[in-house]
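These protein sequences, in sequence, are chains A and B.
Each number in the numbering used here comes from the position in the first sequence (counting from 1) with 7 added on.
Each number in the numbering used here comes from the position in the second sequence (counting from 1) with 7 added on.
Because the hints were derived from the structure by calculation, they are not lab data.
A hint or two may mislead.
Because identical chains share one entry, a pair is satisfied inside a single copy or across any pair of copies.
Computed list of lysine to aspartate or glutamate pairs in EDC-like fashion (alpha-carbon distance at most 16 Å, straight line) [claimed, not checked]:
| # | residue 1 | residue 2 |
| --- | --- | --- |
| 1 | 11 | 142 |
| 2 | 11 | 148 |
| 3 | 145 | 10 |
| 4 | 11 | 144 |
| 5 | 30 | 103 |
| 6 | 145 | 76 |
| 7 | 212 | 190 |
| 8 | 113 | 101 |
| 9 | 96 | 31 |
The residues making up each chain are set out below.
Protein chains: 2
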Amino acid sequence: MNEKAIYDLTYGLFLIGSKAEEKENICVVNTVMQVAGSPTRVTLSCINGNLTPELIKASGYFTAAILDETVEFDTFKQFGLQHGSDVNKLEGYDVEHDVNGIPFLKTNACSVLSCKVISCQDLGSHTLFIAEVVDAEKFSDSRPVTYAEYHSRIKPKRSTKETPKEIIGWKCTICGYVYEGAELPEDFTCPWCGHPASDFEPVYKE
Amino acid sequence: MNEKAIYDLTYGLFLIGSKAEEKENICVVNTVMQVAGSPTRVTLSCINGNLTPELIKASGYFTAAILDETVEFDTFKQFGLQHGSDVNKLEGYDVEHDVNGIPFLKTNACSVLSCKVISCQDLGSHTLFIAEVVDAEKFSDSRPVTYAEYHSRIKPKRSTKETPKEIIGWKCTICGYVYEGAELPEDFTCPWCGHPASDFEPVYKE
Chain A
8 MNEKAIYDLT
18 YGLFLIGSKA
28 EEKENICVVN
38 TVMQVAGSPT
48 RVTLSCINGN
58 LTPELIKASG
68 YFTAAILDET
78 VEFDTFKQFG
88 LQHGSDVNKL
98 EGYDVEHDVN
108 GIPFLKTNAC
118 SVLSCKVISC
128 QDLGSHTLFI
138 AEVVDAEKFS
148 DSRPVTYAEY
158 HSRIKPKRST
168 KETPKEIIGW
178 KCTICGYVYE
188 GAELPEDFTC
198 PWCGHPASDF
208 EPVYKE
Chain B
8 MNEKAIYDLT
18 YGLFLIGSKA
28 EEKENICVVN
38 TVMQVAGSPT
48 RVTLSCINGN
58 LTPELIKASG
68 YFTAAILDET
78 VEFDTFKQFG
88 LQHGSDVNKL
98 EGYDVEHDVN
108 GIPFLKTNAC
118 SVLSCKVISC
128 QDLGSHTLFI
138 AEVVDAEKFS
148 DSRPVTYAEY
158 HSRIKPKRST
168 KETPKEIIGW
178 KCTICGYVYE
188 GAELPEDFTC
198 PWCGHPASDF
208 EPVYKE
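So that you can see chain A by itself, here it is in the shape it has in the complex (with noise of 0.2 Å):
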């Protein structure tokens, strides 16, 4: 089995909104899919163990902002690479809401799907929630980035300068997952969410 076939697999990028009470989030996924028609549904593939997935189980909810070609790292590093549960990602956001009064952000974005969860199914790492869009806007003719693109063009290259500072560890960029060592075997494979070690950054002592 070659893992590296299943980094073959072709994706877009978004920004997944949701809302219980009155905790609000937004995350980063790249795991949106039309699977049916009339009525029109998706499918969303969740980390388990963050806040988004909790959000949407409890109010049955969620927005998906397709981000477009001019999104840059630091909506990763706000949406993707922070903890919903830590910090108000929100905070200082022209935030809007749709129709279920769910939110969502036009920066970056071409459209936005309103979606309401028929079922969800919880597959060990992720949990995969099956949903009707049951409204959805359109902002720009922009062109939809892709998670190739994610990985050729936005993320930041690692240094190759020599640095005097000591690796304690390597963080997952995608899921947030902590390895505890200076030395990443070059065949890792997150055991969160399956992505490989060139999706890992060090992390330094302090």
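Position chain B against the provided structure of chain A, taking the given hints into account.
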């Protein structure tokens, strides 16, 4: 609701191989996505009424060959615009078989995933399969093709030349649905697969 927002979702393109008893088939889809890790799981959505979902339900297995940038329209004509119930689409092709005995083609593909179904759900127009990736092979480092490229570069453009032939209907190039009538409304969406008028091609009077 702006239906066009749905077309901003990003997909790859795949040849799905299936087999039950002596019948083998390969068809084109754009709906394969990783949804969980450890074990690696993917979803696949297939249009109901076609041969592929029937064969997959019968055997519990499928292959997903990930098409690369070298693919041309002939592949879509052969495996996407014909029905496996009517013709043997594999005749004359250099078909290989995976660990589960399921057919796949290496031509114009960078990788193939061997998948074992763990659940399936009827979503009306489509069946959604959740499957574990039990084997995977990478043939080349060529770049996976996207569904957006199919629309922008691969599929033939509608001819703008005047034609003396009489149009009697419009056929969906995605799923084969035929609309009867000389004029297809601009805002028409396929009742089988949800794709827009731009995905239809004319059917001429013989």
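Would you pick out the hints that fail for this structure and give their numbers low to high?
Hints that this structure does not satisfy do not exist here, as all of them hold.
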